[in-house]
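S.K.: One-letter residues, chain by chain:
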Amino acid sequence: MERLKTALSYILIVVIILSLAVVLILSVGSDVPKSFMSFFRGIFGSLYGFSEVLVRATPLILAGLGVSIGFRTGFINIGAEGQIYWGAIAVTTTAYLFPGLPALIAIPLGIVAGFVAGGIWALIPGYLKARFGISEVINTIMFNYIAINILGILVRTVLKDPEYPLPMSSKLPNGFIFPLLMYPTRLHLGFLIALIAMVLVYVLMWKSSPGYKLRVVGLNQRASLCSGIPVKKYIVFSSLLSGGFAGIAGVGEIAGIHYKLLEGFSPGFGYVAIIVALLGKNNPFGVAAAGLGIAALQVGSLSMQRQAGVPASISWIIMGSIVLLILARSTLLTFFAEKEKEKKV
Amino acid sequence: MIETGLIAALTAFLSATLRMAMPLTLAGLGETFSEKSGILNIGLEAIMLSGAFFSFIIAFLTQSVLLGVCAGIAGGIAVSSIHAYLSIYCKVNQTIAGLALNFLIIGLTSFLFLIVFGKSTTLPECPVTPKIPIPILSRIPVVGTVLFNQDLFVYFTFIAIFLAWFFIHRTEWGVSLHAVGENPKAADSAGLNVFRIRYFSTIANGFFGGLAGSYLTLGLLGFFMENITSGKGYIALVVVILGRRNPPGILLAALVVGAAEALQFRMQTAGIPVPSQLFTMFPYVITVLVLFLAMGKSREPSALGIPYIRSKR
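Residue numbers (our numbering), protein chains in the order written: chain A, 448 to 792; chain B, 1008 to 1320.
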């Protein structure tokens, strides 16, 4: 019975979302079947389109994994965006310091640097929360803006390419650049790293003792404290991991896509990553699926814009609505349950 | 001669500061009501954006600023009501709900904007509220010109600050608001309707946030474009903390942020080779420091962000 209700509520959400999409498409005067066709053709119609989904999913999965670790432990990390920026700054700085390294050393070094930089950027609010009880929600948002501005200062001063007037760094040395997996598409090593990270996070969280403790702390801090788990330490640890994975997402964007540090390279990946973690139910495989789903939604919408004239902003509407409906889902059920109770009385 | 130039520059700078501070103050006032009652709404950005959009569209279609402002307020309240329903009735994670609303409204406003105006290179414009100088007072140099040669939004904001302060600190309703935000269980036992007070405070949030949004389009800019608030809602959250959830404090905090913004514009136009990001960053760094230093002294309402479930102990 409970299962049936859950299934029903999900079906209800799908129906609502689809009808919303139809209404939106009709409201711009586009043809509904043609729009849906172009949506799916954009995703599955060509190798390039499909590879774009994977390319867009890469930072979402990595940062989403990070956010999900934080959520599991009760560290509400809204700061993935800033941590992504620090990952990007770290890989660029490392490349500046050691330009001659061969790829075999340079790429792992860049990833580690990104992990550490992103991790530290999350660790500060994590420590402030664990040690002083200061809300991490506001602090991580502040840290996003601080990171974005620090990047802005860096690409105008020390990391600026002197040969160009625009605020951006010069091209990364070849050793640091992620190899492409499927030329001529943009699919790069970052996607494989995201998949490896997914498995790693699973093993860490479900097959290791520290991971078990991280999850227990998230479930019940008081009980963890009573059974001897140093709760504060684990919150700080989770913030470090959380930011670290988001940092790797930033490394991937710079070393795999742009090849140089520039402002605004992330169109809000860090914020979408929170949605990805939520939709993936903080489970690494779920996060990967959600990341792919959101990426497909965005790629499909772009194709719908090109071919059927439906504004691509429809993807943001759909994404926001899905989250709101999923949030309200469980109470929709209790709402019906209460109605039933009333009937019985 | 140099003196008059200096005075003119100072006046312009202070006016710019005040204008930048007004939307932040208004939105901050709304969020204060909400947070006092225990509802943390990260979706303030969405409220402002919705207010900005609907006020613009109605003002554009009717050529009436007043109707535009009403539509902006309605748009703000609509968004805050969704958040209120989710966080009070459905008892969901308020942060996530706010974030999702931000996505939804950014998408929805740019989508609707495209439907109404299509893809045009020229931005459609709407009427802007005129400046109404207050006789005599506006003729005082510097202070008078800055304070008393403004539009109705600015005057209203000053009145609203006083009223909000009076309401929160000098009336029984204000006490109820505190009670609900600090200890909803006790408030409930004392016979207060926790849910109703929280709904009321979130509607106040929508009202002021929507007004703040309409000030952006109808007071400052006279046009609308995609994501016009560009993070102002988040800055307003900063203002609320810096101002310690106290209306006069919020004005002060908004003025500090506004001054940083105005200064940044000045330096950019003057061509001073310091990256403007240094100034943009300022309010955020201050917020982190204030949160750290004010620790233990001024804290947030105990029940902030925690849904109230009646049957739960």
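Incorrect hints may have been included.
25 Å max Cα-Cα, derived BS3-like pairs, lysine-lysine [stated by the list, open to error]:
(1) A:K728 with B:K1126
(2) A:K452 with B:K1138
(3) A:K654 with A:K607
If you want the footprint, here are the derived chain B segments under chain A, 3+ residues with CB under 8 Å [what the hints assert, rightly or not]:
(4) 1106–1113
(5) 1183–1190
(6) 1277–1285
(7) 1295–1301
No lab work stands behind these hints, which were simulated from the structure alone.
The structure presented is a predicted model; accordingly, all values stated were derived computationally and were not measured.
Cβ atoms here follow ideal geometry from the backbone N, Cα and C, with glycine treated the same way.
S.K.: Each hint: holds or not?
M.R.: Against the structure, the hints come out as follows:
no. : hint                : result
1   : A:K728 with B:K1126 : violated, 38 Å
2   : A:K452 with B:K1138 : violated, 58 Å
3   : A:K654 with A:K607  : violated, 44 Å
4   : 1106–1113           : holds (count 8)
5   : 1183–1190           : violated (count 0)
6   : 1277–1285           : holds (count 3)
7   : 1295–1301           : holds (count 3)
Comparing the model with each numbered hint stated earlier shows that hints 1, 2, 3 and 5 do not hold.
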